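Undergrad: So the protein lines, in turn, are chains Y and B.
Letter 2 of the first sequence, counting from 1, is numbered 2 in the working numbering, and no numbers are missing.
Letter 71 of the second sequence, counting from 1, is numbered 71 in the working numbering, and no numbers are missing.
No wet-lab data here; the hints were simulated from the structure.
Predicted, not measured: the structure shown is a model, and the values here were computed from it.
Don't take each hint at face value.
Label-pair restraints from in silico Cβ distances [to be verified]: (1) Y:Ala70 - B:Glu60: 40 to 48 Å; (2) B:Pro87 - Y:Pro47: 33 to 41 Å; (3) B:Ile98 - Y:Ala70: 19 to 27 Å; (4) Y:Val96 - B:Asp84: 32 to 40 Å; (5) B:His80 - Y:Glu9: 39 to 47 Å.
In this text, a Cβ means the ideal position worked out from N, Cα and C, and glycines have one as well.
Protein chains: 2
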Amino acid sequence: MVLEHAVLEVVPAQETAFEEAFAAAKTLISAAAGFRSLHLARCVENPNRYLLLVEWEQLEDHTIGFRGSAAYQEWRSLLHHFYDPFPTVEHYESRVTIR
Amino acid sequence: MVLEHAVLEVVPAQETAFEEAFAAAKTLISAAAGFRSLHLARCVENPNRYLLLVEWEQLEDHTIGFRGSAAYQEWRSLLHHFYDPFPTVEHYESRVTIR
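Using the sequences and the accompanying hints, generate a full structural model.
TA: Written as structure tokens, this is what we have:
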């Protein structure tokens with residue numbers, strides 16, 4: 001399992017439109033092969049900042065599978081114009097979990 | 001529920017010592033009032049970078065309760081010297097979850 005991580009800086013005053021677009025876009029990613037879970041959250045201290053966390057079965061499910069898909073082109077056109085600057089996307093492997 | 005988020009830049013070559021210190025420190029935070037869950041993960045692209053996610057029942061359980069506790073002083077002395085620069089800690093409220 002690998003965790004995709006991105007901090008999304010949404011153009012100020014476009015937060016509501018972004019959340020509406022995300023509601024439409026989310027099924028594009030959740031239908032991808034290797035998708036495990038998704039969490040979108042909004043920053044308390046900086047309300048135009050969002051955190052996107054997506055669990056994938058393996059790294060390539062995101063970097064090759066999803067990003068190489070037709071669904072990703074639709075995801076891009078729905079969401080990418082909200083970001084300024086464009087986010088850095090990284091991947092993380094679990095070390096410690098306490099529940 | 002609120003999610004504490006920090007990207008931790010660990011001094012290069014101190015990753016193993018950091019993970020060992022974290023294993024000792026984790027019970028300090030998991031015993032705090034309002035603690036819900038913790039996830040520590042290591043970056044694939046930048047292996048001296050870690051992601052810390054902690055769920056709290058409410059913001060003040062972290063910012064006032066934990067940070068004002070004796071346990072936090074111990075947490076600091078175990079962990080803070082590994083970070084360069086010192087991390088920005090922010091809090092996020094959930095918007096979308098898919099499991």
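Undergrad: With 32 to 40 Å as the target window, see if Val96 of chain Y and Asp84 of chain B comply at their CB atoms.
TA: violated (21 Å)
Undergrad: That 40 to 48 Å hint for Ala70 of chain Y and Glu60 of chain B (C-beta), does it hold up?
TA: holds (46 Å)
Undergrad: Falls inside 33 to 41 Å, the C-beta gap from Pro87 of chain B to Pro47 of chain Y?
TA: violated (20 Å)
Undergrad: How does the Cβ-Cβ distance of His80 of chain B and Glu9 of chain Y compare with 39 to 47 Å: does it lie in that range?
TA: violated (27 Å)
Undergrad: Does the Cβ pair Ile98 of chain B, Ala70 of chain Y satisfy 19 to 27 Å?
TA: At 20 Å between Cβs, range holds.
The structure fails to meet hints 2, 4 and 5 from the earlier list, while all remaining hints are met.
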